[in-house]
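Asks: Based on these hints, arrange chain B on the given structure of chain A.
Chains A and B, in that order, are what the protein sequence lines are.
For the first sequence, our numbering begins at 2 and goes up steadily by one.
For the second sequence, our numbering begins at 44 and goes up steadily by one.
Careful, some of the hints might be misleading.
[To be verified] Ranges of calculated distance between the beta carbons of each label pair, as one might list FRET restraints: (1) A:11 <-> B:114: 20 to 26 Å; (2) A:74 <-> B:61: 39 to 45 Å; (3) B:122 <-> A:52: 38 to 44 Å; (4) A:102 <-> B:154: 45 to 51 Å; (5) A:10 <-> B:48: 44 to 50 Å; (6) B:44 <-> A:64: 18 to 24 Å; (7) B:121 <-> A:81: 33 to 39 Å.
[Unchecked claim] Here are a few chain B residues that face chain A, going by a calculated C-beta distance under 10 Å: (8) 95; (9) 98; (10) 125; (11) 149.
[What the hints assert, rightly or not] Coverage of chain B stretches by chain A, computed from C-beta distances (three or more under 8 Å per stretch; other residues unrestricted): (12) 70-80; (13) 84-94; (14) 128-142.
Please keep in mind that the hints were generated in silico from the structure rather than gathered at the bench.
No residue lacks a Cβ here, since even glycine has one placed at the ideal position from N, Cα and C.
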Amino acid sequence: SQTIHQWPATLVQPVGSPLSLECTVEGTSNPNLYWYRQAAGRGLQLLFYSVGIGQISSEVPQNLSASRPQDRQFILSSKKLLLSDSGFYLCAWNQGGVGQPQHFGDGTRLSIL
Amino acid sequence: GENVEQHPSTLSVQEGDSAVIKCTYSDSASNYFPWYKQELGKGPQLIIDIRSNVGEKKDQRIAVTLNKTAKHFSLHITETQPEDSAVYFCAASAPLGQLTFGSGTQLTVLP
Numbered sequence: 002s003q004t005i006h007q008w009p010a011t012l013v014q015p016v017g018s019p020l021s022l023e024c025t026v027e028g029t030s031n032p033n034l035y036w037y038r039q040a041a042g043r044g045l046q047l048l049f050y051s052v053g054i055g056q057i058s059s060e061v062p063q064n065l066s067a068s069r070p071q072d073r074q075f076i077l078s079s080k081k082l083l084l085s086d087s088g089f090y091l092c093a094w095n096q097g098g099v100g101q102p103q104h105f106g107d108g109t110r111l112s113i114l
Numbered sequence: 044g045e046n047v048e049q050h051p052s053t054l055s056v057q058e059g060d061s062a063v064i065k066c067t068y069s070d071s072a073s074n075y076f077p078w079y080k081q082e083l084g085k086g087p088q089l090i091i092d093i094r095s096n097v098g099e100k101k102d103q104r105i106a107v108t109l110n111k112t113a114k115h116f117s118l119h120i121t122e123t124q125p126e127d128s129a130v131y132f133c134a135a136s137a138p139l140g141q142l143t144f145g146s147g148t149q150l151t152v153l154p
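This is chain A alone, in the form it adopts within the complex (with noise of 0.2 Å):
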């Protein structure tokens, strides 16, 4: 069956600090990504996905980037956090084509002081 995985589950970084969140997939090939924000436990707002190695799409202008170095591995970067990039960082794969669920792994809390 398959799996997703996201690390660190929880993260203190200072303003200014740099930032990588990795999330691994297993058990599929060639799945779609996404990296969500969610904020005050409410509410998922699409950052990036992926379709393929090396294919990122952002959906919104912002401090963060997003890299697809393997099939089934997705990091989430920062060169300099800000205060506004704490949140809820949630990863999430499908297969690709029409109407596949997205199947979401459990998070990495990121706490900007």
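Replies: Using the frame of chain A, we list chain B on its own:
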């Protein structure tokens, strides 16, 4: 783009009663409507989904109904239990489009 509105934002029910959460969407081309349950500190878990060629789908105590004409869909939970307490999200997507989520409903089942 798609816009999904979800109501109510909070819902409290007595254990054993039914709970109904409603969502409306704006894009008439949307054809896929999943529902997610999110427990505290966890990622959302898919609990049921429906496609536009179906009006209703049921899985044990959970059912979803879809009215394409009115562009709304609803989640029904019967015989609620304390473990049903969580935040529930609806979502919609059009062909070749991304999922757009509602703002969530905090469901509390009172013992």
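Asks: Now, for every hint given, state plainly whether the structure supports it.
Replies: Each hint, compared with the structure:
1. A:11 <-> B:114: 20 to 26 Å: violated, 39 Å
2. A:74 <-> B:61: 39 to 45 Å: Given a distance of about 43 Å, which is inside 39 to 45 Å, the answer is holds.
3. B:122 <-> A:52: 38 to 44 Å: Between residue 122 of chain B and residue 52 of chain A, where Cβ atoms are some 41 Å apart, the hint holds.
4. A:102 <-> B:154: 45 to 51 Å: violated, 32 Å
5. A:10 <-> B:48: 44 to 50 Å: Once the Cβ atoms are compared, 32 Å apart, the range 44 to 50 Å for residue 48 of chain B and residue 10 of chain A is violated.
6. B:44 <-> A:64: 18 to 24 Å: holds, 23 Å
7. B:121 <-> A:81: 33 to 39 Å: For residue 121 of chain B and residue 81 of chain A the Cβ distance comes to about 50 Å; the hint is violated.
8. 95: holds, 9 Å
9. 98: Interface hint status for residue 98 of chain B: violated (16 Å vs cutoff 10 Å).
10. 125: Result: violated, 19 Å to nearest chain A Cβ.
11. 149: holds, 8 Å
12. 70-80: holds (count 4)
13. 84-94: holds (count 8)
14. 128-142: This one holds; 7 residues, not fewer than the three required, reach chain A with a Cβ under 8 Å.
Checked against the numbered hints given earlier, this structure breaks hints 1, 4, 5, 7, 9 and 10; the rest are met.
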